[in-house]
Amino acid sequence: MSQGQASAEVRGALAEAHRRQWAFVLAATVRLAGDLDIAEECVQDAFVAALTSWTQRGIPANPGAWLTATARRRALDTLRRDQTLRRKLPMLVGTDAATCAPLEWEGEGEEADMSQLPDDRLQLIFTCCHPALAPEAQVALTLRLVCGLTTPEIARAFLVSEPTMAARITRAKKKIALARIPYRVPPAHELPDRLDAVLTVTHLLFTTGHTAPAGDRLVRADLVERSLDLARMLYTLMPDDREVRGLLALLLLTDARRVTRTSADGRLLLLEEQDRSRWDRQAIGEGRQLVDQALRRGRPGRFALQAAIAAVHAEAPSYADTDWPEVLGLYNLLLAVWPSPVVALNRAVAVAMVQGPAAGLAVLEEVADDPHLATYPYLAATRADLLRRLGRAQDAAQAYRTALSLATNAAEKDFLTRRLAEVTAT
Amino acid sequence: MAKYLILIYGQESPAPPTPDQWDWMMKAHGQFAQAVDQQGGKILGGEALQPTATATSVRNDGQAVTDGPFVETKEALGGFYLIEAADLDQALAFAKLCPAPGGGVELRPIMDTSGAPPSA
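Protein sequences appear in the order of chains V and X.
Residue 149 in the numbering used here sits at position 149 of the first sequence; the count goes up by one each step and never skips.
Just add 426 to the spot in the second sequence (first one is 1) and you have the numbering used here.
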């Protein structure tokens, strides 16, 4: 095999390891280093070292184990070297280099049995999603530390400048160290609340990718895929939690429609216009199975219920032939566990499908005064659609104009403009 | 263990507390101290403050002395605790137990001044 071929193969293996193993390698290194920055540097160094080593000596049987061993060895070297220097920041609570003496296998170029390595990914995730950090900092840290994205990549995803994103990440890391946010999985009595924060971050990542807040493209596939990876990781780590299953199911079932959400020329297609034969049946099958498990035993949570609604849509032969009473029943349950104005608005759509647009509009107007919805384009868009179906063209046109002034995504704006033209033409 | 300052903020009432309100406050703070102790934390100090109407501020520039608090806020600083806790999670658990009727508390980690200056 020539050097060039090996290199391409090595690059492929490294890219795969970066996507699948980054969180594992970093989490195992943080425990040893007691410092997020040192750990990150060591893991990055390990990836750089891998390029040379794997090209010369071949790709190891277990790339994750090789990277972990290398990163941890570098962390130990750094710590020994820094013993004479004063530490800039206090050690992370819950980590202690002294209790993590190097194991036998941490020798040069050695590989370890992955099952012998500590799986600290949950510690890492829960630390990134600690409620003492601002929500936007939680999302940024999760992308950087758990998903291994670079600061420029995260800045691009959230449409902020690189210095702004870098400052946000630095501030969050510093707060973790100085305020002593512990590096651990929360105790059982705090777990439901803390896990909800983790699932919220994952879901936010997905929705940001699913309908990009700005730009020409409706979907940011990179963010959608990272959030799916994250949801799968959580499911692997907490397989018995029903909300974790619910979230993975929700993402799979929603993303199954990805390719049909826009037409060939980039136009936004509504659920009723989408070509259901092109929906990803495998994802729907997997999602449905997870939903069934998530709904079993006891009161289902908000992610399980949202997934159940997505499953009804995914399995319906057409928009008209959807089991709308079932959808409405699920929205009633969802509103009880999660009384959010956005849920109330979506419920109004289901009411319109079961009892007619007039009834839906009445429900919509009940929630329309909520200040949280004041700048929410879907409120005006939904109102416009219901008015259109009631034949109130003039009122509908006004609502479409409001929706247009609030929408930020180009594909969505284009859709609203077309609808506005339709109602003003009649 | 790490040290934190719990700053207690609330609306200042124009009238002094009634005997019932006073008893309730004393009891609530007693229970707070007990809870911190039972859960392995420590109260290193703490006081209630006289209302901001009694405050005097001295600006560093020109040493001007003015009547009133340094910063006017709707909810005023009314008291504080200096506590010791294992980490932020334990400190937050204590902060949630801290009586602050009609207001809330702010939790600030104490800076370690024994070593090098804090990094940028």
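Source of the hints: derived by calculation from the structure; they are not laboratory data.
Glycine included, each C-beta is placed from N, C-alpha and C at the ideal position.
Check before you lean on any hint, since a few could be wrong.
To be verified - Simulated crosslink set (DSS-like; lysine-lysine; CA at most 30 Å straight-line): (1) X/K429 to X/K468; (2) V/K175 to X/K500; (3) V/K413 to X/K453; (4) V/K175 to X/K453; (5) V/K174 to X/K453; (6) X/K522 to V/K174; (7) X/K429 to X/K500; (8) X/K453 to X/K500; (9) X/K429 to X/K453; (10) X/K522 to X/K468; (11) X/K500 to V/K413; (12) X/K500 to X/K522; (13) X/K429 to X/K522; (14) X/K453 to X/K522; (15) X/K453 to X/K468; (16) V/K174 to X/K429.
Said to hold, decoys possible - Take a look, some chain V residues computed to stay more than 12 Å from chain X by CB distance: (17) R81; (18) H130; (19) E153; (20) V160; (21) L178; (22) I181; (23) A283; (24) V342; (25) A362; (26) A410.
As the list claims (entries may be wrong) - Pulled from the structure, derived: some chain V residues nowhere near chain X, Cβ distances all over 12 Å: (27) T164; (28) I169; (29) I176; (30) A179; (31) T260; (32) R267; (33) Q274; (34) G356.
Okay, the hints, checked on the actual structure:
Under the criterion of a C-alpha separation no larger than 30 Å, the hint pairing X/K429 with X/K468 is consistent with the structure, at around 9 Å. The suggested pairing of V/K175 with X/K500 holds, with an alpha-carbon distance near 27 Å, which does not exceed 30 Å. Taking the CA atoms of V/K413 and X/K453, the gap is about 59 Å. The hint is violated against a cut of 30 Å. Under the criterion of a C-alpha separation no larger than 30 Å, the hint pairing V/K175 with X/K453 is inconsistent with the structure, at around 34 Å.
Of the supplied pair hints, the one linking V/K174 and X/K453 is violated, its CA atoms being roughly 37 Å apart against a limit of 30 Å. At most 30 Å may separate the alpha-carbon atoms for a hinted pair to count; X/K522 and V/K174 meet this at roughly 23 Å. A C-alpha spacing of about 27 Å is found between X/K429 and X/K500, which places the hinted pair at or below 30 Å, so the restraint holds. Of the supplied pair hints, the one linking X/K453 and X/K500 holds, its CA atoms being roughly 26 Å apart against a limit of 30 Å.
Using a Cα cut-off of 30 Å, the hinted pair X/K429 and X/K453 holds, with the two alpha carbons roughly 25 Å apart. Distance hint between X/K522 and X/K468 is fulfilled; the C-alpha atoms sit about 15 Å from each other, no more than 30 Å. Of the pairs offered as hints, the one joining X/K500 and V/K413 is violated, with about 42 Å between alpha carbons and a cut-off of 30 Å exceeded. For a cut-off of 30 Å, the pair hint linking X/K500 to X/K522 stands: about 21 Å separates their Cα positions.
For the hint pairing X/K429 with X/K522, the CA-to-CA distance comes to about 16 Å; that is within 30 Å, so the pair holds. Between X/K453 and X/K522, the direct Cα distance comes to roughly 16 Å. Compliance with the 30 Å bound is thereby established for this hinted pair. About 18 Å separates the Cα atoms of X/K453 and X/K468, which keeps this hinted pair within 30 Å; it holds. Among the hinted pairs, V/K174 with X/K429 is consistent with the structure: their alpha-carbon atoms are about 17 Å apart, no more than 30 Å.
Chain X leaves V/R81 outside its interface by the beta-carbon criterion, the shortest separation being 17 Å against a cut-off of 12 Å. Residue placement check: V/H130 does not keep its beta carbon more than 12 Å from all beta carbons of chain X (closest about 8 Å). V/E153, annotated as away from the interface, keeps every beta carbon of chain X farther than 12 Å; the closest lies near 25 Å. No Cβ of chain X approaches the Cβ of V/V160 within 12 Å, the least distance being about 21 Å, so the stated non-interface status holds.
In this structure V/L178 is not separated from chain X by more than 12 Å, as the shortest Cβ-Cβ distance comes to only about 5 Å. For V/I181, the non-interface assignment is contradicted: its Cβ lies about 5 Å from the closest Cβ of chain X, within the 12 Å cut-off. The Cβ of V/A283 lies farther than 12 Å from every Cβ of chain X, with a closest approach of about 37 Å, so its non-interface assignment holds. Here V/V342 stays apart from chain X, with its beta-carbon at least about 27 Å from theirs, past the 12 Å limit.
Every beta carbon of chain X lies more than 12 Å from that of V/A362, the smallest distance being close to 38 Å; the non-interface claim holds. Non-interface call for V/A410 relative to chain X: holds, since the shortest CB-CB distance, roughly 40 Å, exceeds 12 Å. Residue-level check passed: V/T164 sits 17 Å from the nearest beta carbon of chain X, beyond 12 Å. Non-interface status of V/I169 relative to chain X is upheld: no Cβ of that chain comes within 12 Å, the nearest being about 15 Å off.
Not every C-beta of chain X lies more than 12 Å from that of V/I176, the closest at about 9 Å, which undercuts listing it as non-interface. V/A179, annotated as away from the interface, has a beta carbon of chain X within 12 Å; the closest lies near 5 Å. Residue-level check passed: V/T260 sits 45 Å from the nearest beta carbon of chain X, beyond 12 Å. V/R267, annotated as away from the interface, keeps every beta carbon of chain X farther than 12 Å; the closest lies near 48 Å.
Every C-beta of chain X lies more than 12 Å from that of V/Q274, the closest at about 45 Å, which supports listing it as non-interface. In this structure V/G356 is separated from chain X by more than 12 Å, as the shortest Cβ-Cβ distance comes to about 47 Å.
In the structure shown, a violation is registered for the earlier hints numbered 3, 4, 5, 11, 18, 21, 22, 29 and 30, in ascending order.
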